[in-house]
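> Sequence:
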Amino acid sequence: MIALDTNVLVRFLVADDKAQSARAARLIGRAVARDETLFVSDIVLCETVWVLFSAYGLSRSAVVDLLGQLLKASHLGFRDVDSLLRALDGFGAGKGDFADYVIQEQARVAGCSGVATFDRALLKEKGFVAP
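Each residue of the sequence shown is one higher than the last, beginning at 0 in numbering that gives the first Met the number 0.
Accuracy of the hints is not assured; some may be wrong.
[Unchecked claim] Listed below are the simulated BS3-like cross-link pairs for lysine-lysine, each with C-alpha atoms no more than 30 Å apart in a straight line:
id, residue 1, residue 2
1, K71, K94
2, K94, K125
3, K71, K17
4, K94, K123
5, K125, K71
None of these hints come from the bench; they were simulated from the model. In this text, all values refer to a predicted model and were calculated from it rather than measured experimentally.
Build out the structure end to end from the sequences listed, making use of the hints.
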């Protein structure tokens with residue numbers, strides 16, 4: 000199994016660099032043809048969301064749709080897809096960054112009762128607490 004770095008995943012998704020996007024597409028195409036799984040870490044997903052917002056100006060709803068498709072892709076593997084889907088739901092409905100909801104889900108799985116934060120917007124949401 001090969002893991003994807005953020006830059007490879009982003010090039011595949013946005014196809015903004017002809018040469019790199021083609022290489023990313025070939026890598027993913029080979030994995031599909033060989034029925035292999037490509038691993039995508041939680042960090043790569045968080046970075047990808049940040050890049051899609053900051054560099055490409057995608058809307059929250061567009062990012063939610065795109066990530067939803069990625070999380071359901073049969074040739075992509077994730078550490079805990081169910082936690083990531085819950086994080087995606089939180090992100091879609093909330094005000095925080097996707098990373099905030101990934102942190103929240105990892106904390107929940109670890110048995111934590113909440114995530115301490117100074118982020119005022121997050122403090123209005125369930126699962127986030129003031130320090």
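> If a hint holds in the structure, say so; if it doesn't, say that too.
We went through each hint and held it up to the structure:
no. : hint         : verdict
1   : K71 <-> K94  : 24 Å, holds
2   : K94 <-> K125 : 12 Å, holds
3   : K71 <-> K17  : 26 Å, holds
4   : K94 <-> K123 : 9 Å, holds
5   : K125 <-> K71 : 26 Å, holds
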